[in-house]
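Going down the list, the sequences are from chains A and B.
According to the numbering used here, the first sequence is numbered sequentially starting from 1.
According to the numbering used here, the second sequence is numbered sequentially starting from 1.
Hints listed in this document are in silico derivations from the structure and should not be mistaken for laboratory results.
Treat the hints with care, as some may be off.
[Claimed, not checked] Below 35 Å or equal to it, Euclidean Cα-Cα: the simulated DSBU-like pairs (lysine-lysine) are:
(1) B:LYS118 - B:LYS356
(2) B:LYS356 - B:LYS37
(3) A:LYS52 - B:LYS356
(4) A:LYS52 - B:LYS153
(5) B:LYS187 - A:LYS135
(6) A:LYS135 - B:LYS153
(7) B:LYS37 - B:LYS118
[Unchecked claim] If you only want the chain A side, here are some residues facing chain B, beta carbon under 7 Å, derived:
(8) SER100
(9) ALA102
(10) ARG126
[Unchecked claim] If the Cβ cut is set under 8 Å, some of the chain B residues that face chain A in the computed set are:
(11) LEU42
(12) ARG231
(13) ASP239
(14) PRO240
Quick reminder that beta carbons are idealized off the backbone N, C-alpha and C, glycines included.
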Amino acid sequence: MSTDNTMSQAAPLLQARDLVKRYGRVTALDHADFDLYPGEILAVIGDNGAGKSSLIKALCGAVIPDAGEIRLGGQVVRFNSPIEAREAGIETVYQTLALSPALSIADNMFLGREPRAPGVIGQWFRAMDRAAMAKFAREKLNELGLVAGAVDRRQYVPRPRAAQTGFCRAMAAPARPLGHGAHSPRETV
Amino acid sequence: MTDIGNAPGVQAFEAPLQKSDSRVAEFDVRAKSPVQKLQHFLHANPTAVPAIVLLLGVVVFGVIVGSRFMSMFNLSLIIQQVTIIGIVGIAQTLIVITAGIDLSVGAIMVLCSVIMGKLAIMAGLPAPLALVIGVAAGAGCGAVNGVLVTRLKLPPFIVTLGTWSIFFALNLWYSASETIRSQDVAKAAPLLQALGTPVDVLGARFTYGSFFLLGLVALTWYILNRTAYGRHLYAVGDDPDAARLTGIRTDRVLFSVYIGAGVICALGAWALIGRIGSVSPQAGQTANLDSITAVVVGGASLFGGRGSIIGTLIGALIVGVFRNGLALSGVDVLWQEFTVGWLIIIAVALDQWIRKVSA
Numbered sequence: 001m002s003t004d005n006t007m008s009q010a011a012p013l014l015q016a017r018d019l020v021k022r023y024g025r026v027t028a029l030d031h032a033d034f035d036l037y038p039g040e041i042l043a044v045i046g047d048n049g050a051g052k053s054s055l056i057k058a059l060c061g062a063v064i065p066d067a068g069e070i071r072l073g074g075q076v077v078r079f080n081s082p083i084e085a086r087e088a089g090i091e092t093v094y095q096t097l098a099l100s101p102a103l104s105i106a107d108n109m110f111l112g113r114e115p116r117a118p119g120v121i122g123q124w125f126r127a128m129d130r131a132a133m134a135k136f137a138r139e140k141l142n143e144l145g146l147v148a149g150a151v152d153r154r155q156y157v158p159r160p161r162a163a164q165t166g167f168c169r170a171m172a173a174p175a176r177p178l179g180h181g182a183h184s185p186r187e188t189v
Numbered sequence: 001m002t003d004i005g006n007a008p009g010v011q012a013f014e015a016p017l018q019k020s021d022s023r024v025a026e027f028d029v030r031a032k033s034p035v036q037k038l039q040h041f042l043h044a045n046p047t048a049v050p051a052i053v054l055l056l057g058v059v060v061f062g063v064i065v066g067s068r069f070m071s072m073f074n075l076s077l078i079i080q081q082v083t084i085i086g087i088v089g090i091a092q093t094l095i096v097i098t099a100g101i102d103l104s105v106g107a108i109m110v111l112c113s114v115i116m117g118k119l120a121i122m123a124g125l126p127a128p129l130a131l132v133i134g135v136a137a138g139a140g141c142g143a144v145n146g147v148l149v150t151r152l153k154l155p156p157f158i159v160t161l162g163t164w165s166i167f168f169a170l171n172l173w174y175s176a177s178e179t180i181r182s183q184d185v186a187k188a189a190p191l192l193q194a195l196g197t198p199v200d201v202l203g204a205r206f207t208y209g210s211f212f213l214l215g216l217v218a219l220t221w222y223i224l225n226r227t228a229y230g231r232h233l234y235a236v237g238d239d240p241d242a243a244r245l246t247g248i249r250t251d252r253v254l255f256s257v258y259i260g261a262g263v264i265c266a267l268g269a270w271a272l273i274g275r276i277g278s279v280s281p282q283a284g285q286t287a288n289l290d291s292i293t294a295v296v297v298g299g300a301s302l303f304g305g306r307g308s309i310i311g312t313l314i315g316a317l318i319v320g321v322f323r324n325g326l327a328l329s330g331v332d333v334l335w336q337e338f339t340v341g342w343l344i345i346i347a348v349a350l351d352q353w354i355r356k357v358s359a
C-alpha cells in the first residue's frame with residue numbers, strides 16, 4: 001500500500017488500525033493498517049488469500065472485524081452492516097457484483113435505496129419513482145460510454161456489463177463531502 | 001471515478017486511447033439462433049408460455065367439446081372453480097419468489113375458515129369481528145413459519161411440512177371435526193358467505209369471490225412491480241447474499257412475506273366459506289399442492305427470483321381449463337390427474353431450460 005507524497009500532509013479520510021479478522025483457525029486479517037487520503041485512488045494488491053477482500057469488506061461493513069478500529073474523517077466508526085457504511089458514504093462494488101439478474105438494470109442500481117415517486121402515490125402507496133430511476137440509470141451508463149436499450153426491463157446482462165452496472169450503483173450514491181470536502185470513498189472489492 | 005463524465009485534458013499516458021475503438025458498448029445481446037432468441041424472449045417474459053398454453057387449451061377443448069365448453073356459463077364456471085386455488089396461489093407465489101415454498105397454505109386456510117365459522121356461529125361474535133380474528137390467526141400462522149425460517153434457519157420445505165400437520169391438527173381439534181352447516185352459516189353470519197354471492201353478466205355467472213381474487217391479483221401485482229419491497233422479494237429469492245450486501249434486511253423481508261402469505265390464506269378462507277357455503281374442517285384439502293401446481297405451471301421458478309402473480313392466475317386457469325375440459329369430454333378423473341402431472345413436469349423442465357439463458 002503506497003501513499004502519494006503530496007497527500008500525506010492531509011489527514012486521512014479513511015483510516016484503519018490493527019484490524020483483525022479470523023474465520024475459525026484461519027486469520028484473514030492480521031493487524032492490518034489502512035490509510036486513504038482525500039482525493040487519493042488507492043489500489044490494494046496481493047496474492048490470492050492475502051486478505052484484500054477481507055480488508056475491504058471490514059471497511060465497508062460486510063464483515064465485522066474481531067479487533068481494531070476504523071476511523072472515517074477522524075471519527076471512530078463501527079459498521080454492523082453494509083447499509084450503515086453506505087449511509088456514512090462508503091460505496092462498494094463487490095467482486096461478485098452483488099447484482100440480481102431477476103431485476104432490471106435500473107432496479108439493481110437502486111436496490112436497497114429506491115426513490116419514492118412524488119406525491120400521494122409515493123407517500124401513501126409507496127410507489128417507486130421508476131421514471132427517475134430509468135433516467136438516472138441511462139445517464140450513468142452513458143457517462144461510462146455505454147448505451148442500453150432497456151434499463152427498466154428484466155433482461156440477460158453479460159458479465160462485463162453487469163460490472164459496469166455495479167459501478168453505476170456506487171455512482172448512484174449522493175456524493176457527500178467528507179473530511180476536507182472530498183467525495184465519498186468508493187471502493188471495489 | 002466520479003469525474004468520468006467530464007474528463008479533464010488528455011494526458012500523455014492516455015494518448016494511445018485515442019486510437020482505440022470508440023464505438024459505444026451495448027447491453028443488448030444479439031441472439032444468434034432462433035432457439036436462443038426464443039430462450040431470451042421467454043427469459044424476459046415469464047408469463048408468455050403459460051399464456052400461450054392457456055389459449056391453446058381453450059381453443060383445443062373448444063374444438064373437441066364444442067359449445068358445452070365454449071359457453072359463457074362454463075367459462076365463468078371455471079373462473080369460479082379456480083377462485084380458491086388462485087387466492088392461495090398468490091400467497092404461494094410470494095413465497096416461491098423468495099426461493100421458499102409453503103406447504104402449509106391450505107392448512108392455514110382451513111384453520112382460519114374454522115376459526116371464523118366457530119367464532120361467528122358457535123360463539124356468537126359479530127361476523128366482522130370473527131373475520132378480523134380469522135385474518136389475524138392467518139397472520140399468526142404465517143409468523144410461526146416466518147420465525148422458524150428466519151430465526152432457526154430451517155429450510156422452508158421442512159418448516160411448512162411440519163406446520164402443515166400442526167395447523168391441520170389444530171383445525172381438527174378446534175372444530176371437533178364437525179362441519180357447520182350452510183343453513184346455520186346463512187342464518188347466523190351471512191357475511192361469511194358474502195363472497196359466494198353470484199353476479200350474472202351476459203349469461204356468465206361470476207361470484208363476488210371472482211372479483212375478490214382479481215382485486216388481490218391487482219394489489220399483489222402492484223406491490224411486486226411498483227414498490228421497493230416487491231423488488232426486494234425478487235432480489236432475496238435470486239441471491240440472498242447479494243441482497244444482503246446491497247443492504248436489504250433479508251430476514252425482515254422473509255419474515256414479512258410469510259406473514260403476508262398467512263393473511264392472504266385467511267382471505268382465501270373467507271372465499272372458501274363463500275364457495276362451499278358450509279364451514280368444514282375437511283375442505284380445501286388439496287389446496288396445499290394445487291397452489292404449488294398453479295405457481296409452477298404459471299412459470300415461476302422454484303429456485304426463486306422468478307415468477308409473477310399474473311402467471312400464477314394463468315397457471316390456476318390452465319389447470320381449471322384442463323380439468324373442466326377433460327371432464328366435459330367424458331374422460332375419467334384419473335386422466336385429469338395424469339394430465340396435470342405432465343403439465344407440472346413440462347413446466348419445470350421448461351424453466352430449467354430458460355434458466356440456462358446465456359449470450
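For this session: Under 8 Å, Cβ to Cβ, is where ASP239 (chain B) needs to be relative to chain A, so tell me if that hint holds or is violated.
Result: 6 Å, holds
Exercise. Are the Cα atoms of LYS187 (chain B) and LYS135 (chain A) separated by 35 Å or less?
Worked result: 58 Å, violated
For this session: Verify the proposed pairing of LYS356 (chain B) with LYS37 (chain B), using a straight-line Cα cut of 35 Å.
Result: 13 Å, holds
Exercise. Hey, does the SER100 (chain A) contact hint survive, CB to chain B under 7 Å?
Worked result: 4 Å, holds
For this session: Would you mind confirming whether the straight-line C-alpha gap from LYS135 (chain A) to LYS153 (chain B) stays at or under 35 Å?
Result: Answer violated: LYS135 (chain A) to LYS153 (chain B) is near 39 Å, above 35 Å.
Problem set entry | Satisfaction of the PRO240 (chain B) interface hint, Cβ to chain A closer than 8 Å | 10 Å, violated
Exercise. Hey, LYS52 (chain A) versus LYS153 (chain B), does the alpha-carbon distance stay inside 35 Å?
Worked result: 30 Å, holds
Problem set entry | Proposed interface contact between ARG231 (chain B) and chain A, which counts if any beta carbon pair is under 8 Å | This hint holds: ARG231 (chain B) lies near chain A, its Cβ roughly 5 Å from the closest one there, short of 8 Å.
Exercise. Are LYS37 (chain B) and LYS118 (chain B) close enough, with their CA atoms no more than 35 Å apart?
Worked result: At roughly 56 Å apart (the allowed maximum being 35 Å), LYS118 (chain B) and LYS37 (chain B) break the hint.
Exercise. Is the shortest C-beta separation between ARG126 (chain A) and chain B less than 7 Å?
Worked result: 5 Å, holds
Problem set entry | Restraint check, 8 Å cut-off on beta carbons, for LEU42 (chain B) near chain A | Check failed: Cβ of LEU42 (chain B) comes no nearer than 11 Å to chain A, outside 8 Å.
Problem set entry | chain B contact restraint for ALA102 (chain A) - C-beta distance below 7 Å | This hint holds: ALA102 (chain A) lies near chain B, its Cβ roughly 4 Å from the closest one there, short of 7 Å.
Comparing the model with each earlier hint shows violations of hints 1, 5, 6, 7, 11, 14; every other hint is respected.
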